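Residue numbers (my numbering), protein chains in the order written: chain A, 1 to 516; chain B, 1 to 343; chain C, 1 to 339.
Calculated directly from the structure, the hints in this document are not laboratory data.
It is possible that part of the hints are untrue.
Stated by the list, open to error - The list that follows gives simulated cross-link-like pairs (lysine to any residue, SDA-like), each with its CA atoms no further than 20 Å apart:
| id | chain 1 | residue 1 | chain 2 | residue 2 |
| --- | --- | --- | --- | --- |
| 1 | C | Lys285 | A | Lys249 |
| 2 | C | Lys285 | A | Ser156 |
| 3 | A | Lys447 | A | Arg401 |
| 4 | A | Lys172 | B | Gly214 |
| 5 | A | Lys231 | A | Arg27 |
| 6 | C | Lys335 | B | Val217 |
| 7 | C | Lys335 | A | Ala408 |
| 8 | C | Lys285 | A | Arg406 |
| 9 | C | Lys285 | A | Ser363 |
| 10 | A | Lys455 | A | Pro268 |
| 11 | C | Lys335 | B | Ala157 |
| 12 | A | Lys172 | A | Pro120 |
| 13 | A | Lys249 | A | Glu234 |
| 14 | A | Lys447 | A | Pro120 |
| 15 | C | Lys335 | B | Asn296 |
| 16 | C | Lys335 | B | Gly214 |
| 17 | B | Lys159 | B | Gln242 |
Keep in mind that this is a model prediction, so the values were computed, not measured.
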Amino acid sequence: MSGELTTERTPHTVVAPIIEAHDIVKRFGGVAAVDGVSIAVPPGEVHGLVGENGAGKSTLMRVLAGILTPDNGSVLVDGEQLEAGSARSALEAGISLVHQELSLVPEMTVAENINLGFTPTRAGFTNRREQRRIAAEALDEINVSVDLDEPIARLSVALRQFVEIARAVARKPRILILDEPTATLTPAETDYLLDMLQRLAERGLAIIYISHRIPEIFRICDRVTVLRDGKHVETVDIAEIRPNELVSKMVGRDLEQDLQSHREPTAPGEVVLSASGIRAHGVNGIDLTVRAGEIVGLGGLVGAGRTELVRAMIGADVRSAGDVTVAVDGSVRRINSYQSAVASGVAYIPEERRTDGLALTMSVSDNIALPNRRRLSRNGVLLFGRIAEFAKRLAHDVGLRPPEIRRAAGDFSGGNQQKVVLAKWLGREPDLIILDEPTRGVDVGAKVEIHRLVKQLAENGAAVLVVSSDLPELLELSDVIHVVRDGRIVGTLSGIDADEQSVMSLASGEASGSAA
Amino acid sequence: MTQTATLDLGNGESDLIGRIKTTFARRTEGRAVVLLIIVSIWALIWESTVFTAYEVTLGRLALIGLTAVGLTAVILMGELDLSIASILAVSGVVMASFDNVFLGIAVSLTIGLVIGAVNAFFVVVVGINSFIATLGMLFFLRGMAFVISDEEPVVMANKDFALDFGKPLIGEFTPRVLIFVLAFIAMHVFLTRVRVGREFYAVGGNREAARDAGIPVRRRVFTGFMISGFVAAAAGIIVTLQLTAADPTAGGNALLTSFAAAIVGGILLNGGRGSVLGTLLGAASLAILQVGMTFNGVESDVQNIIIGLVLFFAVITDPNSIRAVLGSARTFFRGRSAPDPAD
Amino acid sequence: MTVESTVEVGETPEPADPEVGVEQQDFNALEWVSQQGVFVFTALLLIFAGIFIDGFASVDNITDVFNRAAPIGIVAVGMTFVVISANYLDLSVVAQVATSAVLLIAVSNSYNMLLGMALGLLVAIVYGIVNGVAVGVFRANAVIVTLSTTFVGLGLLRWASGGSIYFGDPDGVIATFGSTEIGPFPLAMLVLILVTLAMHFVLTNTTFGFLVKSFGSNRHATRLAGVNTPLVVIGAFTVCAFGAMLGGWVLAAFSNTAVSSMSAGFDFEALAAIIVGGTSVFGGKGSVLRTLLGVVFVSALTNIMVLSGYGFGYQQMAIGALIVLAVSVDALARKVGRS
């Protein structure tokens, strides 16, 4: 029965915290990713940290671990203040962080990776026996058995994650921080991990656990802190809150804030994109259709498989099974390779604009011209007049400010850069446009403009597919929302009826009450 | 709280066959073994003097292997050292310019270390790509060798020492071979047993992870280039002793064969993968090939063609490259989509 | 990998101020020197040489410089494409130039000149495809690949030619071409200028040139824009091979002879010219016109050294140091620009 998950732990009596952070502020280029957050965790407690993407969880943890230097605030361990921004001093104080991106050396063995940076030596020579002992002990601690001599490259992703955890545990930390450790694990592996963490906590380790997955939080955490937009919302005992209430606090917004208008429901046209049985790395059988004039949203947690799905559909990544067709002007074309997808009128705006979306050292004009080069040239010779006109028009259409199309794309702010990416694909007048996190790292003003553009695209008859972790954005734009979890679509909501809660519940598995 | 039973996390087979399979799959020396077998069979049939006159073959192996072993240290970290050819030339010329052989050797080796440090400086401090930095040094040092030697081979003063150097020292083995064996063993131990050497793999395999783990990446890069420079200088000394004169144009062949040996031996150019054992096997293959061709009367031009082809095919059959090609081929033939593997 | 990424990928949010759409960039002196410095340095060098070096400013000497500069310049201009595509350089130009020269003279002597040229063209295409496929499809390192093709190519040439020197017909077209001068300018200079202009046109005015720049700037984004990127790489190496072919012809014409060793040093002189000219070895941008200026600089420098009595060794040292220095300035400029 979902909704009434009780913990088996008794509420903690007040114990002196082993790690505290006071009023941490961390800014990136003027925007506060963490804005005055305080947190305190006593030994033996599993403390959950939740919040949407961009709420500041990872940033806060990296400050605690000394990887980032805060602009304000302090971190104390056992009452002693740590040197700000020093990973070494954090490590020495007993803080161990298990990163989201695994930092293992692929060709070195398990034992070596576990000891990386702290390899025991005897007169400069690696003390292999000690190295293995430490590694074996750490693995034993987390109850995982792996061949100590196996190179990391040959391990499954799940095993790598466990080795990464063993690495953190081998330092005999007093505080263990895990950032989304179950993102790549199966339900069984997740269970395993959670059991292991509980045992470690019983032995006095303080654990800070970041996750989007509400059932996990409720399973092992004693208390949970909610962050939103870099600010601390609340810290509660798990026993005193219900899962759906927690979700509300994560997404809760002042209703006075700009009520984005949902889209006018329009009668969608013909099917443009039809994908069936898509299987790929991280995608476990998905069917999807997008019609002309329709905006389909893909919701879900990071790592659910949305980007993988999209890239597999258009041929940017390998697809192990499934068919994709695009209907263009009445003729249906199968999409097998990326180039054929582009040629068939598909436009893909990738998640990472700086590495995949733009050539930062080239001018805006050149970037816009790149996918449109055929109509901007004749017999292989570029028509500069036409290019300038084309770029200027598109830059204007997307609202690039300032409209200096001859400047290098890298000079512009994130929002403007994203507009340039949009502009270049708009020039192709695509029939299907796929946007992956279209307003990540984009300022508010540009965000509104980009939303307007996307809606306009649909109004003009394009089929639009949007992947977004930004719930309000997803709700504002989509006619239909498919929620993806673990490489499958777990729910479909109509744009009008959906709300942040329902999407989040489906995405985090809270609705089904399962642990993963 | 009871815990769930130990999970099967995809650990792989633990029976004997399985263990043998995984052991082989982990190794990188495959291509070197294949080449060695092919070349040995060819030599046995067509030019068995390669094996009967093994002192020559061993001598060649020692020289190719020496520079290749030094290169291995650098490539493992994800860098390249193209300047070894010129370090070889400069060190030979410098040594030959001294009347006192031992002083000459000491100065030469020191110069090798210094050049290595300079290379590392440009790579880690200035931030130039090692390909270009060492390429520039290659040209620069080549010129320097010419200048020091006045564009002519420099004849050694102490010819006797040079001649003695060519005579067997321990058992049948000449000093050159012994030096190589020492260098090989030292490098093998260094890369497998010494912590600093193991960290070379981390620097090449995942530099960010290495940095985060507290490994002093810059210092390691300096060490690697200095090893390469030192070893190249030693090679130059050996070549000069062999000829009793230092040739300022020496080294071109060494560049080609060392890279061929290391790459065939399984060193990944991106770093982090490979072993000196592979380099040894690669050097052995090339030594047999070169000596075999020489005994067979094959002209040096044709030899260059063959070795050049070996290097060419070695570098395009790199595991990364194979993956890239398969990806592109998949798109081309089956129409299936392909990732960009070097991403 | 050692290639420094110029892009920081991460979740750091961008400046939120909607007013400031463009980040203001302070003047980066190092960047200016790296890219535009060649104009100033070349001018200064020529002035210095004219005043202080005896014999530099004579007509004969100028002609001599031009004759030496022309073939290297043609090669450098073609190789610029490879450098812009972020593939460092093509070492095999040494083999290509000599092969093309020998083919021209030897085949002209035995058959006719056009056949020699046709064969040269064929060889250029082969080099372009072999190098291009290895680097573009197999993703192998360009320096190692072209090192190997250099040895194979030179080996083939020396084996086929036996190292012999070929002498062209003293009354033939080639000889006439090689000895024609317009004032102090040999005809070869005209070829150099024409080739430079043609290459410049290709680089700046054609889709292909645009794609080479785009690929060098960001290969992922270029591929995701629907471009067949292996073809771009093959194209760049083929253009380079084409330049080497023409350079070989001009070189042969100058002395009306051809021998396999005549192209020694072309690889590093061309690279030096390209880098001094301001094309970044990191790829993405560059100019063939500035490469030409870089050629003038390098040729003048070598000439000054010769006139001052500094032999081949010193010249090599100078050029090697020049390469390292020029790339250092570029690298430091990027570091400054990023901070």
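Outcome of the hint check:
Restraint check: the Cα-Cα separation between C/Lys285 and A/Lys249 comes to about 50 Å, which exceeds 20 Å; the hinted pair is violated. Simply put, C/Lys285 and A/Ser156 have alpha-carbon atoms about 41 Å apart, too far for the 20 Å limit, and the pair is violated. With a CA separation close to 13 Å, the supplied pair A/Lys447 and A/Arg401 stays within the 20 Å bound. With a C-alpha separation of about 17 Å, the suggested pairing of A/Lys172 with B/Gly214 holds against the 20 Å cut-off.
As the CA atoms of A/Lys231 and A/Arg27 are separated by approximately 12 Å, the hinted pair is consistent with the 20 Å bound. Restraint check for C/Lys335 and B/Val217: satisfied, since their Cα atoms lie roughly 19 Å apart, inside the 20 Å limit. For the proposed pair C/Lys335 and A/Ala408, the alpha carbon gap of about 17 Å is at most 20 Å, so the pair holds. Using a Cα cut-off of 20 Å, the hinted pair C/Lys285 and A/Arg406 holds, with the two alpha carbons roughly 14 Å apart.
Distance hint between C/Lys285 and A/Ser363 is fulfilled; the C-alpha atoms sit about 11 Å from each other, no more than 20 Å. Our distance criterion of 20 Å between C-alpha atoms is met by A/Lys455 and A/Pro268, whose separation comes to about 13 Å. As the CA atoms of C/Lys335 and B/Ala157 are separated by approximately 49 Å, the hinted pair breaks the 20 Å bound. In summary, the hint linking A/Lys172 to A/Pro120 is supported, as the alpha carbons are separated by about 15 Å, within the 20 Å threshold.
Distance hint between A/Lys249 and A/Glu234 is fulfilled; the C-alpha atoms sit about 8 Å from each other, no more than 20 Å. Annotation: proposed proximity of A/Lys447 to A/Pro120 is violated, straight-line Cα distance about 51 Å (limit 20 Å). For the suggested pair C/Lys335 and B/Asn296, the alpha carbons sit about 54 Å apart, so the restraint of at most 20 Å is broken. Our distance criterion of 20 Å between C-alpha atoms is broken by C/Lys335 and B/Gly214, whose separation comes to about 23 Å.
Among the hinted pairs, B/Lys159 with B/Gln242 is consistent with the structure: their alpha-carbon atoms are about 10 Å apart, no more than 20 Å.
Hint violations for this structure: numbers 1, 2, 11, 14, 15, 16, all remaining hints satisfied.
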